[in-house]
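Enquirer: Sequence:
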Amino acid sequence: MLNLTPRYTSTRIDELPAALQPLAAQSFTLARLYAGRGITAPDELETSLAGLLPAEALHGVTEAVRLLDVAIDERQRILIVGDFDCDGATSTALMMRALTKMGAVVDFLVPDRFKYGYGLTPEIVELGIETFQPDMIVTVDNGISSHEGVARAQADGITVIITDHHLTTKETPPAEAVVNPNQLGCDFASKALVGVGVAFYVLGRLAKLRREAGKSTVQVSQYLDLVALGTIADVGVLDKNNRILVHHGLSAIRQGRCCMGILALLEQAGRDPKQLHAQDFGFVLGPRINAAGRMDNMRIGIECLLTEEWSTAQRLAQELEQLNRTRRHVEGEMRAQADSIVQALANEDNSDESVSGDGNNNASNDDTIAQAVSTAKASNSGTRSIILYQDDWHQGVIGIVAGRLKESHYLPSIVFAPADTEQTDEDSAIKGSARSIAGVHIRDAIEQVAERHPDLISHFGGHAMAAGLTLKRRNFEAFVIAFNEVMAQIDDEVFAEQKFTDGPLQAGDFSLWFAEHLADASIWGHGFAPPIFDGVFEVLSFKILKDKHLKLSLRYPDVQYPIEAICFNFDSDAWDYRAKQIHLLFQLDINEWNGKQSLQLMVKDLSVVEQG
Numbered sequence: 001m002l003n004l005t006p007r008y009t010s011t012r013i014d015e016l017p018a019a020l021q022p023l024a025a026q027s028f029t030l031a032r033l034y035a036g037r038g039i040t041a042p043d044e045l046e047t048s049l050a051g052l053l054p055a056e057a058l059h060g061v062t063e064a065v066r067l068l069d070v071a072i073d074e075r076q077r078i079l080i081v082g083d084f085d086c087d088g089a090t091s092t093a094l095m096m097r098a099l100t101k102m103g104a105v106v107d108f109l110v111p112d113r114f115k116y117g118y119g120l121t122p123e124i125v126e127l128g129i130e131t132f133q134p135d136m137i138v139t140v141d142n143g144i145s146s147h148e149g150v151a152r153a154q155a156d157g158i159t160v161i162i163t164d165h166h167l168t169t170k171e172t173p174p175a176e177a178v179v180n181p182n183q184l185g186c187d188f189a190s191k192a193l194v195g196v197g198v199a200f201y202v203l204g205r206l207a208k209l210r211r212e213a214g215k216s217t218v219q220v221s222q223y224l225d226l227v228a229l230g231t232i233a234d235v236g237v238l239d240k241n242n243r244i245l246v247h248h249g250l251s252a253i254r255q256g257r258c259c260m261g262i263l264a265l266l267e268q269a270g271r272d273p274k275q276l277h278a279q280d281f282g283f284v285l286g287p288r289i290n291a292a293g294r295m296d297n298m299r300i301g302i303e304c305l306l307t308e309e310w311s312t313a314q315r316l317a318q319e320l321e322q323l324n325r326t327r328r329h330v331e332g333e334m335r336a337q338a339d340s341i342v343q344a345l346a347n348e349d350n351s352d353e354s355v356s357g358d359g360n361n362n363a364s365n366d367d368t369i370a371q372a373v374s375t376a377k378a379s380n381s382g383t384r385s386i387i388l389y390q391d392d393w394h395q396g397v398i399g400i401v402a403g404r405l406k407e408s409h410y411l412p413s414i415v416f417a418p419a420d421t422e423q424t425d426e427d428s429a430i431k432g433s434a435r436s437i438a439g440v441h442i443r444d445a446i447e448q449v450a451e452r453h454p455d456l457i458s459h460f461g462g463h464a465m466a467a468g469l470t471l472k473r474r475n476f477e478a479f480v481i482a483f484n485e486v487m488a489q490i491d492d493e494v495f496a497e498q499k500f501t502d503g504p505l506q507a508g509d510f511s512l513w514f515a516e517h518l519a520d521a522s523i524w525g526h527g528f529a530p531p532i533f534d535g536v537f538e539v540l541s542f543k544i545l546k547d548k549h550l551k552l553s554l555r556y557p558d559v560q561y562p563i564e565a566i567c568f569n570f571d572s573d574a575w576d577y578r579a580k581q582i583h584l585l586f587q588l589d590i591n592e593w594n595g596k597q598s599l600q601l602m603v604k605d606l607s608v609v610e611q612g
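Numbering of the sequence shown is given in the numbering used here, commencing with residue 1 and proceeding in unit increments.
The set of hints was computed from the structure by calculation and includes no laboratory data.
Each hint should be verified, as a subset may be incorrect.
[Stated by the list, open to error] As a list, the in silico SDA-like pairs of lysine to any residue whose alpha-carbon atoms are at most 20 Å apart:
| hint | residue 1 | residue 2 |
| --- | --- | --- |
| 1 | 170 | 448 |
| 2 | 191 | 69 |
| 3 | 604 | 560 |
| 4 | 101 | 69 |
| 5 | 472 | 114 |
| 6 | 596 | 561 |
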């Protein structure tokens with residue numbers, strides 16, 4: 001049997017929270033799902049915009065709005081400085097759309113990640129001054145650590161407003177206004193807003209102020225399609241506040257009330273907007289927008305979200321589609337190299353010493369593996385992290401590769417690439433992207449390294465589950481050792497992956513109706529986990545498709561018809577052809593083929609219970 005952790009253990013209606021018991025009379029499974037996600041009162045499932053937290057609770061928002069209001073009235077030149085990911089793109093597009101409607105003189109600038117790096121750097125400020133001569137700079141999805149950039153802008157008399165959501169334990173830069181729910185001294189009840197969520201709150205408060213004063217304004221809620229896309233693509237925690245924002249953005253797209261660019265991107269992906277689900281923001285739309293920042297320049301993505309011309313939207317969406325295909329190709333090559341390196345290290349003697357080096361690609365194949373990478377190991381507990389670097393890796397894709405390594409090995413993973421592929425000597429900068437597991441706050445772990453070794457890391461920032469950092473190539477091995485020391489202090493059980501289940505389904509739940517109802521029962525995602533179930537099934541028949549997918553026909557007690565299931569990318573050599581009964585961990589899915597819909601189980605894990 002599979003070793004699973006139940007999210008909720010009660011099996012009787014009277015054991016549920018009182019507020020969920022009426023729902024349990026209609027669907028016990030759904031009531032258990034909500035209880036397993038901490039829902040104890042009906043208002044926690046509210047989706048009305050009236051249920052949003054008030055903007056006034058955001059520290060700094062009143063001053064930011066006052067400054068923006070004056071800037072619009074006085075026709076000051078406003079420059080939006082964004083980030084080069086989907087959250088930054090949607091934040092920038094939202095600011096551009098809303099401020100333009102309010103009558104602002106506004107333009108935007110997004111750093112080329114390959115030239116300027118992340119945040120409001122002095123170099124970006126200088127480029128902004130040279131290109132746009134702004135009176136005001138407004139950052140979106142960045143800026144909370146940009147002390148030097150703020151100082152450079154203020155030296156030219158430019159007013160700076162920072163809107164950001166990234167974590168910081170340092171004093172905020174002395175900008176004229178700083179809005180960030182995660183800054184020191186902010187009591188906003190939701191710390192889960194992403195950059196576009198913060199921008200939405202600032203603009204909503206500004207629109208209200210101008211409406212009350214009888215000035216030109218706009219209904220900012222009409223742009224919730226952008227807020228939903230940025231929130232899911234940036235893996236924002238889906239607390240009640242974020243679920244409300246995403247719910248309304250998703251509804252708008254399903255009804256066609258969204259920007260042309262989103263519709264054009266969905267057309268490229270062959271997806272029907274009416275059938276869109278929250279997860280599609282992360283798997284369908286987000287990667288296509290992100291491809292611009294990863295492979296070229298995010299301006300393409302932002303312009304796609306800004307255009308009002310359908311033909312322009314289609315052209316830009318096609319460009320993004322091509323960039324995404326290129327990204328997938330580069331990512332595939334890097335993942336294959338990373339996997340072979342990790343496998344080679346795993347096959348070595350069980351030494352507890354780190355393997356590290358300088359990424360010299362002129363070495364022989366074996367030497368290249370030893371010199372190009374490092375895997376951090378804890379002296380008492382085996383491997384605790386994966387840290388890789390090669391001279392020819394693409395910095396636009398390192399975050400994705402780190403994420404794949406984290407998923408496949410369940411270890412905090414950091415992948416580095418040269419900041420400039422033309423400069424790979426010892427004093428050249430290398431950039432790392434980190435992805436983490438539950439229980440390892442990756443940004444804080446990197447900060448611990450920085451505090452213990454002040455000269456090791458040039459820049460860093462991020463969240464609990466994802467972070468970025470820059471260091472000199474000569475410091476790579478020292479960083480590996482220092483990071484390993486931090487990991488060695490963490491309890492062993494953190495590195496043992498827990499697989500959660502929402503328990504068994506009732507016989508009546510194996511239906512198209514329930515699968516559709518479940519998909520729309522909430523906004524599922526990070527922090528409000530998509531439903532996943534387990535059960536023991538009888539195997540009626542099986543097929544191996546394309547040598548890598550396992551297709552099953554199953555029987556479940558009291559279900560009068562066969563249940564179809566599929567396990568993608570299954571190791572066919574591991575399948576027991578004599579399996580008679582199997583224990584599955586699965587998600588409910590609707591399979592569409594030739595215009596017909598059928599229920600299908602998406603198998604996440606399986607174990608043979610009985611052989612025939």
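Enquirer: Against each hint, give a clear statement of whether it holds in the structure.
Expert: How the hints compare with the structure:
no.	hint	result
1	170 to 448	13 Å, holds
2	191 to 69	26 Å, violated
3	604 to 560	24 Å, violated
4	101 to 69	13 Å, holds
5	472 to 114	16 Å, holds
6	596 to 561	17 Å, holds
Violated hints, in rising order: 2, 3; the structure is consistent with all others.
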